[in-house]
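Novice: First to last, the protein sequences are chains A and B.
Using UniProt numbering, the letters of the first sequence map in sequence onto residues 1 to 144.
Using UniProt numbering, the letters of the second sequence map in sequence onto residues 1 to 454.
Simulated from the structure, these hints should not be mistaken for laboratory data.
Beta carbons: idealized from backbone N, C-alpha and C, even for Gly.
The reader is advised that the hints may include incorrect statements.
Derived DMTMM-like pairs: lysine to aspartate or glutamate, alpha-carbon spacing no greater than 25 angstroms straight-line [claimed, not checked]: (1) B:K122 <-> B:D148; (2) A:K53 <-> B:D169; (3) B:K325 <-> B:E378; (4) A:K53 <-> B:E107; (5) A:K53 <-> A:E63; (6) B:K147 <-> B:D128; (7) B:K174 <-> B:E107; (8) B:K200 <-> B:E222; (9) B:K112 <-> A:E63; (10) B:K404 <-> B:D284; (11) B:K325 <-> B:E374; (12) B:K112 <-> A:E61; (13) B:K162 <-> B:E100; (14) A:K53 <-> B:E111; (15) A:K53 <-> B:D166; (16) A:K53 <-> B:E160; (17) B:K173 <-> B:D108; (18) B:K271 <-> B:D128; (19) A:K53 <-> B:D108; (20) A:K53 <-> B:E159; (21) A:K53 <-> B:E100; (22) A:K53 <-> B:E114.
Computed beta-carbon distance windows for the label pairs [stated by the list, open to error]: (23) A:H20 <-> B:T50: 47 to 55 angstroms; (24) A:W47 <-> B:T50: 44 to 52 angstroms; (25) A:H23 <-> B:G179: 35 to 43 angstroms; (26) A:V16 <-> B:A81: 34 to 42 angstroms; (27) B:Q206 <-> A:H23: 34 to 42 angstroms; (28) B:T50 <-> A:V16: 51 to 59 angstroms; (29) B:D291 <-> A:V16: 51 to 59 angstroms; (30) A:W47 <-> B:R314: 42 to 50 angstroms; (31) B:S84 <-> A:Q51: 31 to 39 angstroms.
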Amino acid sequence: MAKDKGRPKTDMRITVIRYHLKHPLTPRPLRFSRNRSLRHWTIHRAWRLYQTKLRLSRQIELERQYNSMAAACEALRLIDGHGLTAEERSRVGEPDVSEGDKEVGRLYRIAMRKDDIWKGVPIEYARIQTDTPPRNGWNHAWTK
Amino acid sequence: MTLQRASRPVAQCIRQSSSTLHARTLATTTIEPSSTDAAPPPPSDPFSHTRNPFTASTPAAEKQLAQQKQRPVGSRRRRAALSSTTQIPFTQLPYQAFQEARAFLQEDRREKLEAIGLQRVKLVRLQDQVVVGEQDGEVERRKQREKDNRVRSMGRRLEEMKVMADINDPMVKKKFEDGQGDMTKPIYRHLADAQWRSYKRQILVQRLTQMNVIPDVLPALEPIVSTGLAFPTTSSTTPARSRLKRVQHGDFVSSTLSSQPPTLWIQPYNKGTRLCTVAVVNPDVPNVEKDGFDHRCHFLAVNIPISPINTRVRLGELGSTSENKGDVLLPWLPAYAQKGAPYQRMSIIVLEQPSPTLTPILTTLLGAVAESQELDAESASQDPRYNVRDGFNLRSFVDRYGLKAVGADLFRTKWDEGTAGVMQQAGIVGWDVEFRRKRVEPLPYQRKASERYR
Numbered sequence: 001m002a003k004d005k006g007r008p009k010t011d012m013r014i015t016v017i018r019y020h021l022k023h024p025l026t027p028r029p030l031r032f033s034r035n036r037s038l039r040h041w042t043i044h045r046a047w048r049l050y051q052t053k054l055r056l057s058r059q060i061e062l063e064r065q066y067n068s069m070a071a072a073c074e075a076l077r078l079i080d081g082h083g084l085t086a087e088e089r090s091r092v093g094e095p096d097v098s099e100g101d102k103e104v105g106r107l108y109r110i111a112m113r114k115d116d117i118w119k120g121v122p123i124e125y126a127r128i129q130t131d132t133p134p135r136n137g138w139n140h141a142w143t144k
Numbered sequence: 001m002t003l004q005r006a007s008r009p010v011a012q013c014i015r016q017s018s019s020t021l022h023a024r025t026l027a028t029t030t031i032e033p034s035s036t037d038a039a040p041p042p043p044s045d046p047f048s049h050t051r052n053p054f055t056a057s058t059p060a061a062e063k064q065l066a067q068q069k070q071r072p073v074g075s076r077r078r079r080a081a082l083s084s085t086t087q088i089p090f091t092q093l094p095y096q097a098f099q100e101a102r103a104f105l106q107e108d109r110r111e112k113l114e115a116i117g118l119q120r121v122k123l124v125r126l127q128d129q130v131v132v133g134e135q136d137g138e139v140e141r142r143k144q145r146e147k148d149n150r151v152r153s154m155g156r157r158l159e160e161m162k163v164m165a166d167i168n169d170p171m172v173k174k175k176f177e178d179g180q181g182d183m184t185k186p187i188y189r190h191l192a193d194a195q196w197r198s199y200k201r202q203i204l205v206q207r208l209t210q211m212n213v214i215p216d217v218l219p220a221l222e223p224i225v226s227t228g229l230a231f232p233t234t235s236s237t238t239p240a241r242s243r244l245k246r247v248q249h250g251d252f253v254s255s256t257l258s259s260q261p262p263t264l265w266i267q268p269y270n271k272g273t274r275l276c277t278v279a280v281v282n283p284d285v286p287n288v289e290k291d292g293f294d295h296r297c298h299f300l301a302v303n304i305p306i307s308p309i310n311t312r313v314r315l316g317e318l319g320s321t322s323e324n325k326g327d328v329l330l331p332w333l334p335a336y337a338q339k340g341a342p343y344q345r346m347s348i349i350v351l352e353q354p355s356p357t358l359t360p361i362l363t364t365l366l367g368a369v370a371e372s373q374e375l376d377a378e379s380a381s382q383d384p385r386y387n388v389r390d391g392f393n394l395r396s397f398v399d400r401y402g403l404k405a406v407g408a409d410l411f412r413t414k415w416d417e418g419t420a421g422v423m424q425q426a427g428i429v430g431w432d433v434e435f436r437r438k439r440v441e442p443l444p445y446q447r448k449a450s451e452r453y454r
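Okay, chain A solo, but in the shape it has when bound (with noise of 0.2 angstroms):
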């Protein structure tokens, strides 16, 4: 041991790359002639850009599913609860918005809730959606 002290220690990330790769059972690395490295380069690019192509397909479907809900949400939040906007209400003359402050956005405040959303799912969500859903939500103390 004290004999070793005078020598500079190799570093140990080397012998472990020596041993794999001069191990007996590792398979040697391949040496591809010219146009065998060509036409391997050449299959490499076009699978990349395919990835590629279908992860951009993939994320611009994503995109536009998000976008079309947001707008969707945005629509439902300017609506009372007649499906008239604070535009299209005035156009008909219906009376004016302080009457109808807490029916604009009502269902879209419900929607945005999150409040106990996966902690068991909540048995609203087994119902079909409907463009007139009652007031009342669930009723709970239902028996046959």
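Given chain A, put chain B in place with the hints provided.
Specialist: Using the frame of chain A, we list chain B on its own:
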């Protein structure tokens, strides 16, 4: 004759399919090589008596080739391989994954070409738009600036798209690797630039910073053009054609070699011809009085046209003939370092001359270089600051003419046996001067009294 002509497409089809079926047999008929890729050289046809230097691999064949006074091309293994392979051009090799990949890449290239066409149309339409507003108003100027920025960005995007269209082509890669890339095409310029930046440019910047050329000669330098340097060796046997000795960045060059003006290769990677200035500055001239170093200019030339295909600049022949355009303000002075002085760095700075301000943005489009302004060599040679070698200030020169440093090279000189001779021949004063280190008196050392401090 007409029958032959009529049956040619059918014959081609049959020949094509037979070649793929009999891929392993020796092809005796040659397939017409397509225009894009070169087929390997065809085997000699059975009735000729001359050996092909590409395919002669057996001892008898090699002997016959020697009798024909021809040398074999390539190793024996290569020649044997070539003689037994078919004559299918590389792009038509019948490997499924390769052909599928090629088909996919060609489809992608078609899409990219369409996109390039659309981009060109968009660009032209944008340029045709006129910025409306009150004359010389704040808003109008801002809108004009925004429009110029958009035109520039679109131009850059167009250049990128051109490169992206060809970058997946194996024949382009092969051509470039073989050194046959056409520098007028953007893809080859891009590949050459990428190759230079991956290694040689890093070496150059390392040498420039380690040798402190960057803060000493110029405050900052980002090399955009690659440089190469070679000095002519005048051999007594061939007086007409002297050979060139390449010099790597930062090498020591012997004084006899650097007494002749060198050849500088300047390779830009964007299209267009531009005018450059080359200045060779030595920042290590010893000055005994101030106990420091001065700058000296060994060479100064302006208005040298450089383009991606015209890269060679023979510093000794600039301006002399009508084809070597360029104005030499200070001719080549051999590099010398007197005896006893430390080695001296000789920096070669390549500066791009500015474009005139009246050039519309149209010519700076697509990554091209605007027409450079000619520097007035007459007035520059009259200017007392720039027509003397000693004390030449490159920073001042750059500021005065609005130059931009685009490239650099470096070599070093030290005293050797030939320096005195070179200095005498060039008529430089001080060939017999020797520098000596000034003896520094040591600080007085107080010896301590007892034995313990010995």
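Novice: Compare the structure with each hint and give your call.
Specialist: Structure-based check of each hint:
1. Restraint check for B:K122 and B:D148: the C-alpha separation of about 14 angstroms stays at or below 25 angstroms, so the hint holds.
2. For a cut-off of 25 angstroms, the pair hint linking A:K53 to B:D169 stands: about 18 angstroms separates their Cα positions.
3. A threshold of 25 angstroms between alpha carbons decides the hint, and for B:K325 with B:E378 the separation of about 15 angstroms falls inside it, so the pair holds.
4. Distance restraint check for A:K53 and B:E107: the Cα-Cα separation of roughly 13 angstroms lies within the 25 angstroms cut-off, and the hinted pair is therefore satisfied.
5. With a C-alpha separation of about 15 angstroms, the suggested pairing of A:K53 with A:E63 holds against the 25 angstroms cut-off.
6. For a cut-off of 25 angstroms, the pair hint linking B:K147 to B:D128 stands: about 11 angstroms separates their Cα positions.
7. A threshold of 25 angstroms between alpha carbons decides the hint, and for B:K174 with B:E107 the separation of about 21 angstroms falls inside it, so the pair holds.
8. About 14 angstroms separates the Cα atoms of B:K200 and B:E222, which keeps this hinted pair within 25 angstroms; it holds.
9. Between B:K112 and A:E63 the CA atoms are separated by roughly 23 angstroms; this keeps the pair inside 25 angstroms, and the hint holds.
10. This hinted pair checks out: B:K404 and B:D284 have alpha carbons roughly 23 angstroms apart, not beyond 25 angstroms.
11. Restraint check: the Cα-Cα separation between B:K325 and B:E374 comes to about 11 angstroms, which is no more than 25 angstroms; the hinted pair holds.
12. Distance restraint check for B:K112 and A:E61: the Cα-Cα separation of roughly 21 angstroms lies within the 25 angstroms cut-off, and the hinted pair is therefore satisfied.
13. For the suggested pair B:K162 and B:E100, the alpha carbons sit about 23 angstroms apart, so the restraint of at most 25 angstroms is met.
14. Between A:K53 and B:E111 the CA atoms are separated by roughly 13 angstroms; this keeps the pair inside 25 angstroms, and the hint holds.
15. The straight-line distance between the Cα atoms of A:K53 and B:D166 is roughly 17 angstroms, inside the 25 angstroms bound, and the hint therefore holds.
16. In summary, the hint linking A:K53 to B:E160 is supported, as the alpha carbons are separated by about 18 angstroms, within the 25 angstroms threshold.
17. Between the alpha carbons of B:K173 and B:D108 the distance comes to roughly 17 angstroms, so the proposed pair stays at or under 25 angstroms and holds.
18. The straight-line distance between the Cα atoms of B:K271 and B:D128 is roughly 24 angstroms, inside the 25 angstroms bound, and the hint therefore holds.
19. The straight-line distance between the Cα atoms of A:K53 and B:D108 is roughly 10 angstroms, inside the 25 angstroms bound, and the hint therefore holds.
20. Under the criterion of a C-alpha separation no larger than 25 angstroms, the hint pairing A:K53 with B:E159 is consistent with the structure, at around 21 angstroms.
21. The suggested pairing of A:K53 with B:E100 holds, with an alpha-carbon distance near 16 angstroms, which does not exceed 25 angstroms.
22. Between A:K53 and B:E114, the direct Cα distance comes to roughly 17 angstroms. Compliance with the 25 angstroms bound is thereby established for this hinted pair.
23. Under the hint 47 to 55 angstroms, the C-beta atoms of A:H20 and B:T50, about 53 angstroms apart, fit the expected range.
24. Against the hinted window of 44 to 52 angstroms, the Cβ-Cβ separation of A:W47 and B:T50 comes to about 45 angstroms, which satisfies the hint.
25. One distance hint, 35 to 43 angstroms for the beta-carbon pair A:H23 and B:G179, holds here, with the actual separation near 40 angstroms.
26. Between A:V16 and B:A81 the beta carbon distance is about 39 angstroms. The supplied range of 34 to 42 angstroms therefore holds.
27. The hinted window of 34 to 42 angstroms between B:Q206 and A:H23 holds, with their beta carbons roughly 37 angstroms apart.
28. Under the hint 51 to 59 angstroms, the C-beta atoms of B:T50 and A:V16, about 58 angstroms apart, fit the expected range.
29. In this structure the hint that B:D291 and A:V16 lie 51 to 59 angstroms apart at CB holds, the actual value being about 55 angstroms.
30. A hinted range of 42 to 50 angstroms for the beta carbons of A:W47 and B:R314 is consistent with their spacing of about 48 angstroms.
31. Take B:S84 and A:Q51: their Cβ atoms lie about 37 angstroms apart, and the range 31 to 39 angstroms holds.
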